[in-house]
Amino acid sequence: MSTLTLHPSDVSPARRLLGGALRSREIAVAIVLLLVIAATTIKNSHFLFGDNGWRDLLLTPAILLILAVGQASVIITRNVDLSVGSVLGLTAYLTGRIFIAHPGTPVVLVFLVGLAFGAALGLVNGVLVAWGRVPALVITLGTMYIYRGVFLSWAGSNRVNASDMPDSFLSLGTKQFLSIPVLFIVAVVVLVLVGYYLYTARGGRELYAIGSDPDAAQLYGLKVTRRILAAFVLSGSMAGLAGVMTAARYGTVSSNAGLNLELQAVGAAVIGGVAIFGGSGTVWGAAIGACLLVTINRALPVLGVQDFWQQFVVGVLIIGSIVLDRVLSIRRDRKIIEARDNA
Amino acid sequence: MTSATVTASAPAGRTYRAYSHSWWRRTLLTREVAIIALLVLVFGWASANVANFKSPLTVYFLSLDNAEIMLIALPMALVIITGEIDLSVASVVGLSSVMVGILHQDAGFSIPLAGLIAILVGIIAGALNGFLIAYVGLPSLAVTIGTMAAYRGLAVGLLGTTAKTDFPVKWTDLSTQHIGSTRFPLIVIPIVVLVAVFVWLLHFSTFGRGVFEIGLNDEAAHFSGVNVARTKFILFVLTAAISAFAGIYITLRSGNARGDNATGDELKVIAAVLLGGVSIFGGRGALHGVIAGVLLIGVIQSAMRLQNETVNVINIVIGALLVLSVMSTSILTWLSKQRARRAGLGTLRRRQAVATSNPER
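Chains as they are written, first to last, in our numbering: chain A, 727 to 1069; chain B, -5 to 355.
Just so you know, these hints were derived from the structure itself, not from any lab.
For glycine and all other residues, C-beta sits at the position ideal for the given N, C-alpha and C.
Just so you know, not all the hints are guaranteed correct.
Computed from the model, here is a short list of chain A residues facing chain B with C-beta under 8 Å [stated by the list, open to error]: (1) 896; (2) 898; (3) 992; (4) 1039.
Covered stretches of chain B (chain A as the covering partner; in silico rule of three or more C-beta atoms under 8 Å from a C-beta of chain A) [what the hints assert, rightly or not]: (5) 212 to 223; (6) 277 to 283.
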């Protein structure tokens, strides 16, 4: 609306800020999240105030949150990365094998290896998508099969058990700092870094430009290939990080680690307001969407809904949020047209 | 290649060069024929080198195991040609399987009646997809990711972790029976009928021309009199109805109705369709390629299984095939561009090349 009027808005900055906040998707999803937490806590106070209530509330979404951050950055460029679940599984297994082969490996080094390994797998996706000029959906569907297959044939019937990994690593999964779980802190630090980059840095803004209109971005002289490549490397390294965290959190890595997580990550991003056709949405939204998905899954049994219905609720949420987006955008368009006609 | 070379960044469209080749080059040098040739090669190689591959049981199990993929791939090809996608098919399979189980065993309906209701449920599920995509105008990728979770959740929610396994032997036997004394199972009959129907629908009817037109340019399709929304709606309903039929089939074949039946099959179907030469951008594809794509995956699977390869290695091969098949279009386009540039064929082409290399001019 403000683009149509040349003079600054008459509304005071405070009210504009308030209006912006009321219309923001992130805040809407956050309110739903708080309502879910409140309703569940009223039903059963252990959900929040129990022995592990607060810890689980923060700890369980951490892994999906990181995946959703990576996924959102890819979706913003009008692509999608379906291979993240397989990358997560493969990296989690690699983590276990590193500890089995070299029990004394420093934990920091393992995290770096996980990031680098995930980034390498993401680079493969990025090279194929960006240079091959083929749709990401197909390529990452293919690499999803390939990475999962490599993982399963490498692991065979072996699995990594808690006894294979050092205590200093496993304790990260439950360790807390000022009563906040360490893994959640890691996730939030990653979220803030990526979110800040996408919000302010040139590279980040260019991802939005590419997603809004790839051809226009190319004509404008943006380095589309390189940016898309970078987005896939980011998504891969996030999945790698999430893989290491999965190993630390659960202690065992079985063959179904990360199975079907890719769709949850896409779902989290969509619920959080990242448009599936690129160009809009934030990683904050995707992160809150991830928290909402995980928390609803944990809240349903407490609220007396059998946990078999979780997936149904997730599906309804995804559809509800895209329908809502559509309704809001139609209303916004109508208002803009009205404003133009009245001007 | 006869195909219009369409890439993500620059839709080159049909060039006159595409018609400068003789008709036999245009019919034989296509992706569909390449996939069929590959299928024949793999089949020939497997018959010669893989022990037991030549036995009649191979064809029998090949048909039994890939029937649901083949059935769903037919309407899915049409959906993808319009430029949309349906990720919810395997969830509809699961939902229909659960419906048959519950209606037959808890409500006491006969199998045909339960099956009919399951197909109706499938049609409703498809109508919801189609309504949201065709009439509300939401992106099909997002809608069907949502309904994939929702329909699967409904299936799992209705049955929980239990399974209905007590089906009349008459019906479970029917699903695995041979046709007379041939090596083909009975399920081949509906497949052949549906293949004929879909070949007619896509390649020989006005509806099918509309499907291609929508995929190439839906606005142009609208202005040339194609009812874009209705076409898409019908396709999504058809896809879900056939998925529901596939759900009845796998319930009877495996003898159990479970919420997680056919999990992950949507990706197998899409992989087969794309391998068969249907463009994910829409507007291009042919059913003989799709059928060859499904069979190619099936033959590779059964040959590798007979050689005692694990399902993991098979997955790697299928994934690599999928990536290679889409990359091949890009590589061929790039090669022919390079060749054209070197030969300096036609000023138009050179001007195009200049325009893409310095876009600001």
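### Message
Under the constraints set out in the numbered hints, which ones does this structure not fulfil?
### Response
Of the numbered hints given earlier, those the structure breaks are 1, 2, 5, 6, listed in rising order.
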